[in-house]
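S.K.: One letter stands for each residue in the lines below.
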Amino acid sequence: MVDLRVNLAGIELDNPVIPASGTFGYGYEFAQLYDINCLGTFSFKGTTKEPRFGNPTPRIAECPAGMLNAVGLQNPGVDKVLSEELPKLKACFHKPVMANVSGFSVEEYAYTCAQLDKAEQVGWLEVNISCPNVHNGGMSFGVCAEAAAEVTKAVKAVTTKPVFMKLSPNVTDIAGIAKACQDAGADGISLINTLLGMRIDLKSRRPLLANGTGGFSGSAILPVALRMVYQVYEAVDIPVIGMGGVSSAEDVVEMMLAGATAVEVGAANLVDPFACKEIIDQLPQVMVKYGITNLKEIIGGAHHG
Amino acid sequence: MYLDGFFLRRPISVCDWDSRGLTIIYKVVGKGTAAMRAMQPGQELDVLSGLGNGFDVTKCGQRTVVIGGGAGVPPMYGLAKRLLAAGKAPSAVLGFNTESEIFYEDQFRKLGIETVVTTVDGSYGQKGFVTDALPETYDYFCACGPLPMLKAVYNASSTSGLLSFEERMGCGFGACMGCSCKTKYGSKRICKDGPVLEKGEIIW
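Same order as they appear, the protein sequences are chains Y and U. The numbering of the first sequence is the numbering used here, which starts it at 1 and goes up by one. The numbering of the second sequence is the numbering used here, which starts it at 1 and goes up by one.
Chain U on its own, in the form it takes in the complex (with noise of 0.2 Å):
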């Protein structure tokens, strides 16, 4: 997304999406994020969308579970929504730090399935991470948050999944390589050939 007064674009997740629009929800954490509260209703914005890869559903299993933290819950929404469509039962492990900070989570109960929420200081839901919460079957998982959740993710998962990663870009569409990683398979631009990896390529 531009933002007046900004040279680069800011990087957001897409929650959900229809014919009509986006819908994307941002974490307040720099001066473009916070520039971006003053958006007015009715504004046109200047979007590039549709840019790297998603979450593939066809790879998902049955029992998908979906795993977000904190920024990262967002596209795991739209994701849960698609697996229902294609007739699939996930549940959703949602984490936050704090009450305080738990959003959403009236959403995935309204899509009727399994949801837990955990904070790290207890203050609502299971006390914990993520990792604590998951499922006691699942055959497949997808995951977004931050860095260190996603290695415990990795971790902690007893089958195969795919993780959203997050990285400083520069374009957004694969020109500059300002977000390359390296994989099981070769180098990778995450804001192209990702952001989600497969578990299995992943070199931490």
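One chain only, chain Y, in its complex shape (with noise of 0.2 Å):
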């Protein structure tokens, strides 16, 4: 028998298997197509203080082994994202469900926590602040020390539930960053989101997205996410969860080894949405192919001997 549990700052999860916010909505529409419950938990759709459009599309670019993502945080809002879509979530998720929050300055990013706070569902806050979609969408917080040490604390300071900071992967020092974040209380490290990039249209000469630019995901940006995650690790004595191009059980493993408690899955989830479920069902016999008995003795292996 392979044990899969992990403990991420103090909740236990099943395995380590977490679909990444923006990957899965609110979760109840996934639950049409599989039994959610059998995820460590999932990260809901990044929540904002006001309801959100988003940017105009398209919206969408595909890339070699990836894909181009300029949604702009759409998403109903704080008080809908209570009323409407948690209770719709409680009636297929029966396990605390991971909050991702955005914000456009330092007091929204604590109010809409000090909302969210409350749901007795809600189990961790992933605070985002690496958006690299929306105009001031939270990456210029992640892409510096000091702005995203404000917003931990601000967080922080409305909350009981454990706090992971999700940044950004454009920055040059991405180490100095999670220990800013760390110094300033969060119980964790969420990384990466997506790198910023652009297509350009043949025929009309123009960015394919109407945004101009869009955050970069899928397969082809695990080596960076695993770079990252490894460089975190080391810097930081807080758990990390890693993400980034994983679309597979032997990706999450890497992952693990470079150093995360628990591991994100999300543009594979829109190529496959039984992805999550495929990867956790592929676990056990990827374990034992490796001679793990035990998930949790692997975190940060990589970096031993």
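Just to be clear, a hint being listed does not mean it is correct.
As the list claims (entries may be wrong) - Short derived list, chain Y residues pointing at chain U, Cβ under 10 Å:
id	residue
1	F24
2	K45
3	D173
4	S248
5	E250
6	N269
Derived from the structure by calculation, the hints contain no laboratory data. C-beta atoms are modelled at their ideal positions from N, C-alpha and C, and glycine is treated no differently.
Take the two lone chains, each set in its own frame, and fit them into one complex as the hints suggest.
M.R.: Listed below in structure tokens is the structure:
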């Protein structure tokens, strides 16, 4: 028998697999496809204080081994998430959920987190200071250690739930920013958000995305994510959630060896809605293949010796 | 439809279906659809289907006109068949750029419904756009085609109707919010809440 359980900032997960924010909605639509209680947890759609429609379309552009998105944080706003989305989720998901939060000012982050802190279903807050797709959509906080620390402090002041700061890879010193978040009281670090990218249409000679730029995700970014998770694991003592290009059970193991306690799966859900279930189903045999009996024992394994 | 070597699936409309399978007709517009030409009889395909809402036959009138433009023609065939099966008497207007691009005219005629073909350059059928060939009397319309055609049909039509929209999509099943549009009743996802929208809810 193999043990897939991990402990994420005080809450035990049945397995480390977590659908990433923005690829799983508020969960209940995937529950029509399979029993989502097989997941470790999931991170729900990035939620802001006010409702947002997001960017104009086209919002999606395909790339070799990945995709660009410039959705722009479309969400119904925190009030409706609490009054409509979470009750719908409650009917089909019986585990603590990860609340993903975005904002445009420190006060807004604190407000939205304080609201979501009240929801019993919410186990963790994942604070996105790294959205590349909206002007000042958090990324300005995530590219500066002082600003990242300021948001962390403000959020920690309004919640007793574990706070994971979700970092942008579009920085020169990821470890420094992670350390600043830890020093400001963060309970964990999530990384990486998407890499800023662009595609250009040859016919119109204009960027393919209406927003011009977008966030690059998909299997192409796995090596970048592994490198950054590895660096952050060395820099901090708090748990790291690794993500970026994960699409198989082998990728999950690789991400954990780099230092991830849990692993988010993003773009793979958009290609195959059953991706996370299949990864969870495959994990035990991949563990056996590589001589792993207890998954938590491999966290950061690539750093030892 | 998943294709080896491409990250995202190809969103393709369904032309017709029965208990044995789906009929799809696609136009080669890029590398993905070009790769689809390599598909062989008997080959296994990875397909997510039953996505989106489709045309609601119960909303259609007795004398619904189905309007297809170019690659928007295929789904109107399955719709026309189902309108007939529901005891309605549809007619069809099929628009193309030029004679060499025309397909499925015979299949529509074999259904026994009045079918008008238009070409923009007048090389076949009636010269002009689908809006130049709408029947004198109809009580509902269903349209699928490029955005300028949909807008022209919206403006030219004298009844309510259903319009099927295209958008660049990520997932195709409502998760990524890549294909959202604004309607009079809030934002909708073309892939999941659409692609068919009612005339009365559309915001151009």
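S.K.: Could you run down the list of hints and mark each one as holding or not?
M.R.: We went through each hint and held it up to the structure:
Annotation: F24(Y) was flagged as interfacial toward chain U, and the flag holds, the nearest CB pair being 6 Å apart, inside 10 Å. Evaluation of the K45(Y) hint against chain U yields a held restraint, the C-beta minimum of about 8 Å falling below 10 Å. The interface hint given for D173(Y) is violated, since its Cβ lies 30 Å from the closest Cβ of chain U, which is over the 10 Å cut-off. The interface hint given for S248(Y) is violated, since its Cβ lies 15 Å from the closest Cβ of chain U, which is over the 10 Å cut-off.
Taking 10 Å as the C-beta contact cut-off toward chain U, the hint placing E250(Y) at the interface is violated, the least distance being around 18 Å. Restraint check, N269(Y) versus chain U: the minimum CB separation of about 6 Å is within 10 Å; hint holds.
When held up to the earlier numbered hints, the structure conflicts with 3, 4 and 5 and fits the remainder.
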